[in-house]
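Engineer: Let the hints inform the model, and build the full structure from the sequences given.
Taken in sequence, the protein lines are chains V and S.
Residue numbers for the first sequence follow the working numbering, so the first one is 101 and each next one is one higher.
Residue numbers for the second sequence follow the working numbering, so the first one is 6 and each next one is one higher.
Nothing false has been slipped in among the hints.
Which bits of chain S does chain V cover? Going by a derived footprint, with three or more residues having C-beta under 8 Å, they are:
id: 1; region: 142–149
id: 2; region: 158–167
id: 3; region: 170–184
Hints are computed from structural coordinates only; laboratory data are not their basis.
Idealized CB from N, CA, C, for every residue including glycine.
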Amino acid sequence: MEALISLIIGVLTTCGIYLTLRGRTFPVVLGLTFLSYAVNLFLLVMGRLTIARPPVITPGMTEYADPLPQALVLTAIVISFAMTAFVIVLSLKAHLELGNDHVDGKHKP
Amino acid sequence: MMSHIVIAPVILPLLFGIVLLLLQKQPLLFQRVLSITSVVAQVVLAVGLLHRVSNGEILVYALGNWSPPFGIVLVADRLAAWMLIITALLSLCALLYAVRGTDAEGSHFHVLFQLQLFGLNGAFLTGDLFNLFVFFEILLLASYSLLLHGGGRLRTKAGLHFVVINLVGSTLFLFAVGTLYGILGTLNMADLAVKVAATPLEQVALVRVAGLLLFAVFALKAALLPLYLWLPAAYAHTTAPVAALFAIMTKVGAYSILRVYTLIFGEQAGPAADLIEAWLLPLALTTLVAGMLGAVASIRLRQQIAYLVMASVGSLLVAFGLNTSVGIAAGLYYLPHSTFAVAAFFLLADSIAKRRGEMNDKFDLGPTMAYQRLFGVLFFIVAVLVAGLPPLSGFVGKFLILQAALTHPALPWILGIVLITSLFALIALARSGSLMFYRAEPPQVSKLTTVTNTPVGLMPVMGELLSIIVLLSLCLILVVWAGPITDFTLATADQLLQPDTYVHAVLGSGAKY
Numbered sequence: 101m102e103a104l105i106s107l108i109i110g111v112l113t114t115c116g117i118y119l120t121l122r123g124r125t126f127p128v129v130l131g132l133t134f135l136s137y138a139v140n141l142f143l144l145v146m147g148r149l150t151i152a153r154p155p156v157i158t159p160g161m162t163e164y165a166d167p168l169p170q171a172l173v174l175t176a177i178v179i180s181f182a183m184t185a186f187v188i189v190l191s192l193k194a195h196l197e198l199g200n201d202h203v204d205g206k207h208k209p
Numbered sequence: 006m007m008s009h010i011v012i013a014p015v016i017l018p019l020l021f022g023i024v025l026l027l028l029q030k031q032p033l034l035f036q037r038v039l040s041i042t043s044v045v046a047q048v049v050l051a052v053g054l055l056h057r058v059s060n061g062e063i064l065v066y067a068l069g070n071w072s073p074p075f076g077i078v079l080v081a082d083r084l085a086a087w088m089l090i091i092t093a094l095l096s097l098c099a100l101l102y103a104v105r106g107t108d109a110e111g112s113h114f115h116v117l118f119q120l121q122l123f124g125l126n127g128a129f130l131t132g133d134l135f136n137l138f139v140f141f142e143i144l145l146l147a148s149y150s151l152l153l154h155g156g157g158r159l160r161t162k163a164g165l166h167f168v169v170i171n172l173v174g175s176t177l178f179l180f181a182v183g184t185l186y187g188i189l190g191t192l193n194m195a196d197l198a199v200k201v202a203a204t205p206l207e208q209v210a211l212v213r214v215a216g217l218l219l220f221a222v223f224a225l226k227a228a229l230l231p232l233y234l235w236l237p238a239a240y241a242h243t244t245a246p247v248a249a250l251f252a253i254m255t256k257v258g259a260y261s262i263l264r265v266y267t268l269i270f271g272e273q274a275g276p277a278a279d280l281i282e283a284w285l286l287p288l289a290l291t292t293l294v295a296g297m298l299g300a301v302a303s304i305r306l307r308q309q310i311a312y313l314v315m316a317s318v319g320s321l322l323v324a325f326g327l328n329t330s331v332g333i334a335a336g337l338y339y340l341p342h343s344t345f346a347v348a349a350f351f352l353l354a355d356s357i358a359k360r361r362g363e364m365n366d367k368f369d370l371g372p373t374m375a376y377q378r379l380f381g382v383l384f385f386i387v388a389v390l391v392a393g394l395p396p397l398s399g400f401v402g403k404f405l406i407l408q409a410a411l412t413h414p415a416l417p418w419i420l421g422i423v424l425i426t427s428l429f430a431l432i433a434l435a436r437s438g439s440l441m442f443y444r445a446e447p448p449q450v451s452k453l454t455t456v457t458n459t460p461v462g463l464m465p466v467m468g469e470l471l472s473i474i475v476l477l478s479l480c481l482i483l484v485v486w487a488g489p490i491t492d493f494t495l496a497t498a499d500q501l502l503q504p505d506t507y508v509h510a511v512l513g514s515g516a517k518y
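Structural biologist: So, in structure tokens, the structure goes:
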């Protein structure tokens, strides 16, 4: 399971970096989204992958899941969601004002 | 009994921001009064806090009364209070300039301004790494909107680059924070300091990777050499008060570098000690060179100032990179000087650009402007400040940095680069000053430039120059009271280099460290 999750994080990050380096705003926004997916998953598994363990103190249990990464990842999701919304609107604004969707705003024939 | 003064500088701008958002239908004058009230209150609070912590006491505020390391803490030590007072004074000046019309160019200026201060104050006060990330995001989101305030094609383009690179930076920050949490199981900075020092040998490499990732993020915020490309365009194209406020933004990165790499990865950190020592000084020196070369090559005044911001970050981090108490103290003296001087320069550039008609702030033979002499004198003073010539605070700052570097093994490099770049700054500023003031021609009647040159009363001009004069007097205060201020910065540096007092203040005196 750990190998699969690592692979998923790796693939998401790779796609994210590749797309972020593209020249048009739409792939860049997608790339940033992929990067934030990757990092959210990464944060979540930093509490280690556990199954059927309580996150809060329960009588008769000795093994617990770490509840903090879930709080962290929730914050990170909210922030990245807001940032994605902002960057999409900004890209649209740039597209309207610059007349094309290149990140450098240059006209390419 | 915890003192609530620690959280007050964080809560106050947030509350005012929310109130301003609710009152956005009210007349602009009302919003301006409210906004200025908030910033003045923050100056008062910052002075109070500085007074409280100047005896070396470290105030800890546990949010929700969750005892550290389990809850989030706010920590006010000398460094935090020093950054708060600089931010408060700078923002007051920027706001006084903004209420002269910039805030009417778009909506929500005052709301965003207050939220930006909320993020800045929070970032300086927090004692938790994830909380630092959250405050970074708050100040960045506010800064994105402030940067775009007023609109315009070039502003949008620069804004897009700024937003995208900072989003990548935020992702890296999260990766670093996640790695640290995954290995050490804590995010409280004091607790991290304890845990990093006791890292098992097989995990040292991972901790070091996380530490260096964090450095990359902070270097991005501070605009260190390979990661500076977002800065010149963003600062050059935004409105003047926002650019002036952004003078503190790069210092947030420098502050974070100083905080994290003295507290968590300082000398006491065992296997992960002095993590960035090999990187910081060379990168800072190359940033200084690149910034000055950019300033020499600039074709517009605002672009030149943006490169000077970058160069000032270089000088600042050279001081921090010396990694000695006197070096950090010199940096902490140079920090307010460079912030105020550059902010005054941005405001002055806007005043000059407005008076040169269609020539704006281009370095070209333009028309003479109204109150040419007044602006010329101000330009001269600011140029002396920024280039670091005696007798103003720039000279004292650079002198302190060079004096601190005397015992450093890389002295020839530091001395050579700092002095030669100062010469470059002098050449660049002399060139721009002479082009704009000495070689200006009387306006030709055929062009419409004369419209802006109709003489106006001195009073409005003085009102416009008020913020610039306040900022310059702050620099003057830095010279006149250089003795007590350097004593304070030395005490701050000593406090930073003894992280055990910080750790014991946060975790209780029984913490094993």
